[in-house]
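Protein chains: 2
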Amino acid sequence: MDIELITIGNELLLGQVLDTHQQWLGQRLAERGRILSRQLTVPDEGESICGAVQVAMSRSQLVITTGGLGPTSDDLTRGLLADFFGRPLSRDAAVEAHIEDYFRKRNRSMPDSVLVQAQVPKDAVVFPNLHGTAPGLGIKLSPNPFGTNVDPAWLIMLPGPPRELRPMFAEQVLPFLEKNFPLEQEFHHRILRSLGIGESMVEEKLKDVIRPFLDRGLELGYCARIGQVDIRLSGSGPDMPIVIAEAETVVRKAIGKHIYGIDGQTIAQAVVERLIAIGETVAVAESCTGGLLGHQITNVPGASAVFAGGVLSYSNAMKEKLLGVNASILSKDGAVSKSVAIEMAEGVLEASCADHALSITGIAGPTGGSPEKPVGTVWLGLASKGCRSIAIRKFHPFGRESFKNATVNYALNMLLRRLNKTAK
Amino acid sequence: MDIELITIGNELLLGQVLDTHQQWLGQRLAERGRILSRQLTVPDEGESICGAVQVAMSRSQLVITTGGLGPTSDDLTRGLLADFFGRPLSRDAAVEAHIEDYFRKRNRSMPDSVLVQAQVPKDAVVFPNLHGTAPGLGIKLSPNPFGTNVDPAWLIMLPGPPRELRPMFAEQVLPFLEKNFPLEQEFHHRILRSLGIGESMVEEKLKDVIRPFLDRGLELGYCARIGQVDIRLSGSGPDMPIVIAEAETVVRKAIGKHIYGIDGQTIAQAVVERLIAIGETVAVAESCTGGLLGHQITNVPGASAVFAGGVLSYSNAMKEKLLGVNASILSKDGAVSKSVAIEMAEGVLEASCADHALSITGIAGPTGGSPEKPVGTVWLGLASKGCRSIAIRKFHPFGRESFKNATVNYALNMLLRRLNKTAK
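Protein chains in written order, with this note's numbering: chain A, 1 to 424; chain B, 1 to 424.
Just to be clear, a hint being listed does not mean it is correct.
Here are the simulated PhoX-like pairs of lysine-lysine, each with C-alpha atoms no more than 25 Å apart in a straight line [claimed, not checked]:
id, chain 1, residue 1, chain 2, residue 2
1, A, LYS105, B, LYS394
2, A, LYS421, A, LYS373
3, A, LYS394, A, LYS257
4, A, LYS394, A, LYS332
5, A, LYS394, B, LYS332
6, B, LYS421, B, LYS205
7, B, LYS253, A, LYS205
8, A, LYS257, A, LYS205
9, A, LYS105, B, LYS122
10, B, LYS385, B, LYS321
11, A, LYS105, A, LYS140
12, A, LYS373, B, LYS105
13, B, LYS207, B, LYS140
14, B, LYS321, B, LYS332
15, B, LYS205, B, LYS179
16, A, LYS421, A, LYS253
17, B, LYS257, A, LYS321
18, B, LYS338, B, LYS385
19, A, LYS338, A, LYS321
20, A, LYS321, B, LYS321
21, B, LYS179, B, LYS122
22, A, LYS332, A, LYS321
23, A, LYS385, B, LYS205
24, A, LYS105, B, LYS205
Keep in mind that the hints were calculated from the coordinates and are not lab data. Bear in mind that the values here come from a model prediction, so they are computed numbers and not experimental data.
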């Protein structure tokens with residue numbers, strides 16, 4: 001089954017908005033054994049939209065569009081495609097009632113223009129919008145005038161805002177797809193996520209041991225980001241779960257100490273899940289990462305059971321006052337030093353009564369570096385109840401945001417390794 | 001001039017990786033008056049890649065690909081397209097020396113496989129990779145076998161990792177484009193960014209006053225996210241700067257109190273720049289947002305001059321111990337309350353000696369709600385030296401991450417309004 005995604009909007013091509021639909025929809029489809037064949041972004045312009053939809057429907061059973069269903073003048077999708085497919089629009093009383101109710105409940109006055117969202121093409125399936133006003137719309141082409149080999153072909157138009165699109169897709173569109181497009185062969189996949197080893201080294205270590213599995217139909221893919229490599233094992237058919245499980249064993253044997261998690265799991269999730277499992281807590285003392293470590297931890301649902309909080313000790317005064325870092329050590333060793341990293345971790349461990357504490361102190365840049373401590377230098381500390389505190393110096397000369405991300409990932413991995421070691 | 005972007009990678013279609021190239025490249029091009037015409041993502045598969053490049057080069061003067069230049073077996077782009085265009089690959093000594101040097105400087109052993117990245121197609125322009133190993137490659141098609149109206153057409157292949165691609169594009173590819181594709185007519189644009197007003201209300205308030213400018217060639221676009229609407233004014237030609245400036249005045253007259261910034265400016269940037277300008281500082285006390293507020297502030301270069309740090313008071317114990325929140329108020333009013341929000345803000349103001357302090361205490365969900373305080377309820381506090389403290393209750397029932405984002409934006413806007421008011 002071929003599925004294409006067309007995201008519509010000048011704001012995407014101008015870079016005003018980050019398109020997250022490809023990733024989110026791609027993940028949801030892959031989890032259900034359906035792979036997005038391609039994704040296209042076109043501007044809010046009639047010929048581009050119709051042309052793209054026509055080409056996509058000539059070769060794919062399902063074409064999903066996002067965006068352009070709202071009430072403003074640059075929202076073209078609904079009217080344009082209804083017209084292109086010869087499906088006259090008419091008012092849907094249920095959608096109209098929902099829109100009126102939506103405004104009433106929020107005590108907001110309703111501009112007349114919003115009622116255009118209650119216009120529905122003839123014979124379209126309506127996916128009600130429980131988190132906004134524009135419903136999703138499904139149109140079945142059978143016979144399909146654009147591709148004789150693809151019949152029926154479905155066009156599903158979804159609203160652009162993620163908080164409207166996501167629940168609509170998960171709760172309504174996915175069940176619709178499973179009913180209308182049942183799978184012939186089960187698809188399986190497994191992602192092994194590693195930290196602290198380069199992509200070429202991963203491939204070097206795996207290429208010989210993985211070859212027999214490729215002959216058995218396994219597909220292997222790598223995906224590298226800063227300090228991280230994902231290894232993707234996938235394939236179709238009844239034997240594939242066994243092939244993937246055996247391949248996973250072989251991969252873990254080769255590079256197991258670098259693997260922190262599976263599938264969509266982030267390093268923060270791995271840490272939070274491990275802490276929940278063993279009933280322990282963590283606190284943080286962040287300087288140059290400014291809150292990103294706490295943010296990543298608290299993005300994990302359930303984190304409140306294991307996150308004790310922390311201190312953003314951006315200034316030396318905060319380090320002394322809230323974390324009890326010794327002023328003479330600060331002036332002797334400097335804020336970016338092993339001794340200060342350890343005092344920060346021990347300080348927040350005590351203040352929070354947590355079982356573990358991570359600290360980060362470094363130079364994110366672009367300014368603040370020196371020959372001995374260039375921009376990108378960072379010390380990471382780890383203190384735990386009844387354990388010797390440690391600190392590690394790393395060098396992440398990646399630019400401000402990448403510096404913060406790489407540093408936070410490394411800190412979380414320090415803690416995960418200690419948690420895993422203690423468990424053994 | 002038509003420019004198409006083709007991002008290559010199964011990991012993008014599977015949703016393993018968020019594609020940020022479209023946004024970043026789209027922004028950089030738009031700033032230089034060039035608009036991305038369309039963007040396509042295709043899998044790591046020969047027919048898809050060649051087919052997509054061929055179609056794109058039949059109609060566009062410039063086709064940019066990203067990804068697939070690395071050393072692993074699923075990196076197909078270089079070899080595949082060199083072959084497709086009949087440009088034999090040969091070893092580039094300078095690139096090879098750079099790769100060897102790259103590994104030597106990092107004390108990493110170099111697998112032989114990485115040297116494939118030193119293979120360069122015949123007559124290609126090489127864009128050295130100063131932050132990685134695979135260079136960018138430019139191939140000029142003239143005559144263009146794919147589109148007789150498009151001559152010359154350029155294919156530029158860029159590496160996938162953002163920290164390699166971004167400096168290469170900014171420092172090498174953009175100057176290359178300006179030399180090879182000078183603009184005929186200057187393009188101009190202005191984005192006005194608003195918070196706290198809905199998209200349909202923005203359009204309602206602007207539609208009559210903006211009409212005369214549309215007749216003068218102005219293009220108007222809206223872009224809405226949670227709690228935010230961007231108003232995009234753009235167009236080409238010598239008169240356009242005046243048209244845009246006049247239109248901006250009219251927009252500000254209609255909805256000025258909601259506009260916090262321009263162009264790519266985030267609300268955090270607006271706050272940091274304002275604080276730098278007036279020489280004041282801010283501290284934060286975050287509960288449910290877990291560090292996102294500090295993270296957003298410290299993402300802005302130069303934030304260290306105005307960010308005093310803060311406390312992640314996730315637990316009541318931390319609220320009492322580090323912020324001095326009264327235990328009896330906590331038990332009487334609950335942690336999510338006006339009184340606690342104010343005590344948190346005043347507590348961190350005092351501990352940090354900052355000029356201003358923001359506090360956030362709420363229920364991000366998915367659990368922890370009650371009938372009186374459902375999931376999504378949040379109190380935001382603001383304390384400033386010599387000013388009465390205030391707190392505002394908001395309801396952001398958007399799911400965990402959107403809740404955090406909307407809440408942090410609102411908090412920053414509270415501070416920005418106070419800073420702007422004080423200035424008058």
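Hint by hint, here is what the structure shows:
For the suggested pair LYS105(A) and LYS394(B), the alpha carbons sit about 15 Å apart, so the restraint of at most 25 Å is met. A threshold of 25 Å between alpha carbons decides the hint, and for LYS421(A) with LYS373(A) the separation of about 31 Å lies outside it, so the pair is violated. Pair hint LYS394(A) plus LYS257(A) holds up; C-alpha atoms about 19 Å apart against a cutoff of 25 Å. A hinted pair counts as satisfied when its Cα atoms are at most 25 Å apart, and LYS394(A) with LYS332(A) qualifies at roughly 21 Å.
A C-alpha spacing of about 46 Å is found between LYS394(A) and LYS332(B), which places the hinted pair above 25 Å, so the restraint is violated. Between LYS421(B) and LYS205(B), the direct Cα distance comes to roughly 24 Å. Compliance with the 25 Å bound is thereby established for this hinted pair. Of the pairs offered as hints, the one joining LYS253(B) and LYS205(A) is violated, with about 64 Å between alpha carbons and a cut-off of 25 Å exceeded. A threshold of 25 Å between alpha carbons decides the hint, and for LYS257(A) with LYS205(A) the separation of about 13 Å falls inside it, so the pair holds.
Annotation: proposed proximity of LYS105(A) to LYS122(B) is violated, straight-line Cα distance about 65 Å (limit 25 Å). For the proposed pair LYS385(B) and LYS321(B), the alpha carbon gap of about 22 Å is at most 25 Å, so the pair holds. Restraint check for LYS105(A) and LYS140(A): the C-alpha separation of about 34 Å exceeds 25 Å, so the hint is violated. For the proposed pair LYS373(A) and LYS105(B), the alpha carbon gap of about 17 Å is at most 25 Å, so the pair holds.
Taken as a hint, the LYS207(B) and LYS140(B) pair is broken in the structure, with Cα atoms around 45 Å apart against an allowance of 25 Å. Taking the CA atoms of LYS321(B) and LYS332(B), the gap is near 18 Å; set against the 25 Å cutoff, the hint holds. With a CA separation close to 42 Å, the supplied pair LYS205(B) and LYS179(B) exceeds the 25 Å bound. A hinted pair counts as satisfied when its Cα atoms are at most 25 Å apart, and LYS421(A) with LYS253(A) qualifies at roughly 17 Å.
Taken as a hint, the LYS257(B) and LYS321(A) pair is broken in the structure, with Cα atoms around 39 Å apart against an allowance of 25 Å. Taking the CA atoms of LYS338(B) and LYS385(B), the gap is about 19 Å. The hint holds against a cut of 25 Å. Note on LYS338(A) and LYS321(A): the hinted pairing holds, with a Cα-Cα distance of about 19 Å set against a maximum of 25 Å. For the given pair, LYS321(A) sits about 12 Å from LYS321(B) by alpha-carbon distance, which is consistent with the 25 Å threshold.
The hinted pair formed by LYS179(B) and LYS122(B) meets the criterion: a straight-line CA distance of about 22 Å does not exceed 25 Å. Under the criterion of a C-alpha separation no larger than 25 Å, the hint pairing LYS332(A) with LYS321(A) is consistent with the structure, at around 18 Å. Only pairs whose Cα atoms come within 25 Å are accepted, and LYS385(A) paired with LYS205(B) is rejected, the gap being roughly 60 Å. For the given pair, LYS105(A) sits about 22 Å from LYS205(B) by alpha-carbon distance, which is consistent with the 25 Å threshold.
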